[in-house]
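Peer 1: The listed protein sequences correspond, in order, to chains D and S.
What the first sequence shows, in my numbering, is residues 68 to 394, in sequence order.
What the second sequence shows, in my numbering, is residues 7 to 280, in sequence order.
Please keep in mind that the hints were generated in silico from the structure rather than gathered at the bench.
Cβ coordinates follow ideal geometry from the N, Cα and C atoms, glycine included.
Treat each hint with caution, since some may be false.
To be verified - Some residues of chain D that are not near chain S, with every Cβ distance over 10 Å (derived): (1) P306; (2) N335; (3) R337.
Unchecked claim - Straight line, CA to CA, 30 Å or less: simulated DSBU-like cross-link-like pairs of lysine-lysine: (4) S:K156 x D:K341; (5) S:K35 x D:K266; (6) S:K30 x S:K156; (7) S:K43 x D:K142; (8) S:K223 x D:K313; (9) S:K99 x D:K134; (10) S:K156 x S:K223.
Residue strings, one per chain:
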Amino acid sequence: MSLSIQTKDLKHFITEVIEKWPTYGPIEDKTAVSSRYRFAKLTKAKDFVLHYGPTVIPPKKYLFPAKEDVFRFEKGEILPPTNREFVVFGVNKRDGEGLFYLDKVFSTPVPDPHYASRRKNMRLVVIDSLPPSNNIDCDLYLQIADKGHLEAYTFSEFGEKLVRGNKLFGHRAEVGSISVRHMPDDVVFHPRLAEIIEKSRNHPVWDRLAETCFACGICSYVCPLCYCYEEDDKVAITPDVANDIKGSRVRRWDSCMLPDFAAVSFANARPEVKDRIYNWYYHKFVRMPREFGFPGCVDCGRCIVFCPAKINYRDVLEELIADDRHK
Amino acid sequence: MTDTNNNMYQIETVKIVGLNKTTKSLRFKFVDSKQGKAFVFTPGQFIMLGVLGYGEAALTITTAPAELPEFEVAVRSTGNATKAMHRLTVGDKAYFRGPFGNSTISNSKYGQDLLLIAGGIGLAPLRSIIHTIRDDKTVVGKLALIYGGKTPEDLIYKAELGAWSKFAEVILTVDKADRDWTGETGRLTDVLNKAKIDKDAVAIICGPPVMYQAVAKILTDKGLADENIEFMLERRMKCGIGKCQHCTCGEKYVCLDGPTFTWKDIKDNWEAML
Numbered sequence: 068m069s070l071s072i073q074t075k076d077l078k079h080f081i082t083e084v085i086e087k088w089p090t091y092g093p094i095e096d097k098t099a100v101s102s103r104y105r106f107a108k109l110t111k112a113k114d115f116v117l118h119y120g121p122t123v124i125p126p127k128k129y130l131f132p133a134k135e136d137v138f139r140f141e142k143g144e145i146l147p148p149t150n151r152e153f154v155v156f157g158v159n160k161r162d163g164e165g166l167f168y169l170d171k172v173f174s175t176p177v178p179d180p181h182y183a184s185r186r187k188n189m190r191l192v193v194i195d196s197l198p199p200s201n202n203i204d205c206d207l208y209l210q211i212a213d214k215g216h217l218e219a220y221t222f223s224e225f226g227e228k229l230v231r232g233n234k235l236f237g238h239r240a241e242v243g244s245i246s247v248r249h250m251p252d253d254v255v256f257h258p259r260l261a262e263i264i265e266k267s268r269n270h271p272v273w274d275r276l277a278e279t280c281f282a283c284g285i286c287s288y289v290c291p292l293c294y295c296y297e298e299d300d301k302v303a304i305t306p307d308v309a310n311d312i313k314g315s316r317v318r319r320w321d322s323c324m325l326p327d328f329a330a331v332s333f334a335n336a337r338p339e340v341k342d343r344i345y346n347w348y349y350h351k352f353v354r355m356p357r358e359f360g361f362p363g364c365v366d367c368g369r370c371i372v373f374c375p376a377k378i379n380y381r382d383v384l385e386e387l388i389a390d391d392r393h394k
Numbered sequence: 007m008t009d010t011n012n013n014m015y016q017i018e019t020v021k022i023v024g025l026n027k028t029t030k031s032l033r034f035k036f037v038d039s040k041q042g043k044a045f046v047f048t049p050g051q052f053i054m055l056g057v058l059g060y061g062e063a064a065l066t067i068t069t070a071p072a073e074l075p076e077f078e079v080a081v082r083s084t085g086n087a088t089k090a091m092h093r094l095t096v097g098d099k100a101y102f103r104g105p106f107g108n109s110t111i112s113n114s115k116y117g118q119d120l121l122l123i124a125g126g127i128g129l130a131p132l133r134s135i136i137h138t139i140r141d142d143k144t145v146v147g148k149l150a151l152i153y154g155g156k157t158p159e160d161l162i163y164k165a166e167l168g169a170w171s172k173f174a175e176v177i178l179t180v181d182k183a184d185r186d187w188t189g190e191t192g193r194l195t196d197v198l199n200k201a202k203i204d205k206d207a208v209a210i211i212c213g214p215p216v217m218y219q220a221v222a223k224i225l226t227d228k229g230l231a232d233e234n235i236e237f238m239l240e241r242r243m244k245c246g247i248g249k250c251q252h253c254t255c256g257e258k259y260v261c262l263d264g265p266t267f268t269w270k271d272i273k274d275n276w277e278a279m280l
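Looking at chain D on its own, in the form it has when it is part of the complex:
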């Protein structure tokens, strides 16, 4: 016997949440150009979409925004940012996994305190037709059990608080039929992928990709597990800018696909597009598995959908795996 909510009551539940906390979730915008779906602040429950397609930007933006102040400074003093509690509501399991792995990246081996303070304030509600698993770190997990119901699983005090004593949640003896989506994991989770990619430095696929790739960096921005960044200072123009400098240290997304990413004063470690593409795959499928034990990919497909050159990492990985088999 577990708690569940009727699908038709979900909008009332969202209204309750919106009233108490700043809440962000998937919405639909039919006029949008790149994707009809995006994560945005939920102001009305009816804006929320239960089943969303690929959003351009994954929910990582709530923990690791495209551009953010690490701290502000004024009159020589450093002013840390103030974070308040907020809710990210209704991400699917795939995006939830992306956040779970991003948490690991920013907490090991050395924790990033700036990310940690944002994460401490984020409450997460995941909604998916698949059951919860241990690569999700959320407060509440709602499993779409059948057309009429969502099964509730709580994983924190906050999650408990949301459902316990809430009239919208009731006990149901019977769990309806659960639709289980097929997870295509044969390529990204190939057991020898790291080794294959490490040995593929001179494979012709990298030359071929370099001919079509625009090196625009979109694949990094849209990826739930790309996290490289640039950090520099932004200064406000004030009457006395020379003596009283006021501004902030800004962290913003970078991309290893951009020309100067690995440049130093005397040289560039990856001057060619080919070097940078190889590094992109190397990071996701060699460096990250060795560093953290998981690849830098949750197979969400955003980088395929939004790549202006139509590069498909699954094709690339399949080719490398196939060629390795034929050796």
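Using the hints, position chain S against chain D.
Peer 2: Just chain S, lined up with the frame of chain D:
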């Protein structure tokens, strides 16, 4: 100390010395003396030094841990942050995070002969080791320094080299000598080739990476083991804690696994040598 970004320390400029045309040595003290007393680092480690409004740059501490609570860095004016550091005057405040990275001297085996090879401003990070040995001769066996630059004008810490030769064998070389030059003339690699080096010595090299491959070859030809040849690498780091990805070399991070790497660790790395 603020906890916004990994031990942010506020420091005050206490001394500025010009080292060559483009490089200055800056000496700092901690604004909060309690922090200065608690701060520890080992030779070879670096800090992210920043001037508010101009960002940060990765710099290796050039003084020995025993010289704390004051410390020095050598700054070559190249970018926004380093240019701002050059504008600092005595009394001006700056901030830093750190220390980051591994230490050079703990990698090398205690008691063995130590050969330091520096090119240009590559002498700066090695100075922390030289000062450490100056104050405690038991750290290594025989100490030698081979230091080269384009011209005598390019060499740094010239005023100190004489004092170092009291406890170390110091060999200086320049590509192009002037009238007053008394050291060797010729490429650093040529001088190294001629030098007598014990095959059990530990070598630490810091300088322009173009010379690294050649230096590694000379030293291995002289019988030094790959794990006893250590190179200091430079990358344009942003975080210092293995996140921002700017310093990766294959599976290694210069900020976490380095900045000092043994030749054994990086000789097959596809992007360590620039």
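Peer 1: For N335 of chain D, is the shortest beta carbon distance to chain S beyond 10 Å?
Peer 2: At roughly 8 Å from the nearest Cβ of chain S, N335 of chain D sits no farther out than 10 Å, so the non-interface label is violated.
Peer 1: Checking one constraint from the list: CA of K99 of chain S to CA of K134 of chain D, max 30 Å. Satisfied?
Peer 2: Roughly 27 Å between the alpha carbons, so the hint for K99 of chain S and K134 of chain D holds.
Peer 1: Tell me if the straight-line CA distance from K156 of chain S to K341 of chain D falls inside 30 Å.
Peer 2: The hint is violated at about 34 Å.
Peer 1: Does the claim that R337 of chain D lies off the interface hold, with its Cβ farther than 10 Å from every Cβ of chain S?
Peer 2: With a cut-off of 10 Å, R337 of chain D comes too close to chain S, as the shortest Cβ separation is near 7 Å.
Peer 1: Just to be careful, I want the Cα atoms of K156 of chain S and K223 of chain S compared with a cutoff of 30 Å; is the pair within it?
Peer 2: Holds, at roughly 22 Å.
Peer 1: Given the hint that K223 of chain S pairs with K313 of chain D, test it: the Cα-Cα distance must not exceed 30 Å.
Peer 2: The hint is violated at about 51 Å.
Peer 1: Report holds if the minimum CB distance from P306 of chain D to chain S is greater than 10 Å, and violated otherwise.
Peer 2: With a cut-off of 10 Å, P306 of chain D remains clear of chain S, as the shortest Cβ separation is near 15 Å.
Peer 1: With the threshold set at 30 Å, check whether the alpha-carbon distance from K43 of chain S to K142 of chain D stays at or below it.
Peer 2: 26 Å, holds
Peer 1: Mind checking the alpha carbons of K30 of chain S and K156 of chain S for me, to see if they're no more than 30 Å apart?
Peer 2: Holds, at about 18 Å.
Peer 1: Please work out if K35 of chain S and K266 of chain D have their alpha carbons no farther apart than 30 Å.
Peer 2: 49 Å, violated
When the structure is compared with the earlier hints, violations turn up for hints 2, 3, 4, 5, 8 and for no others.
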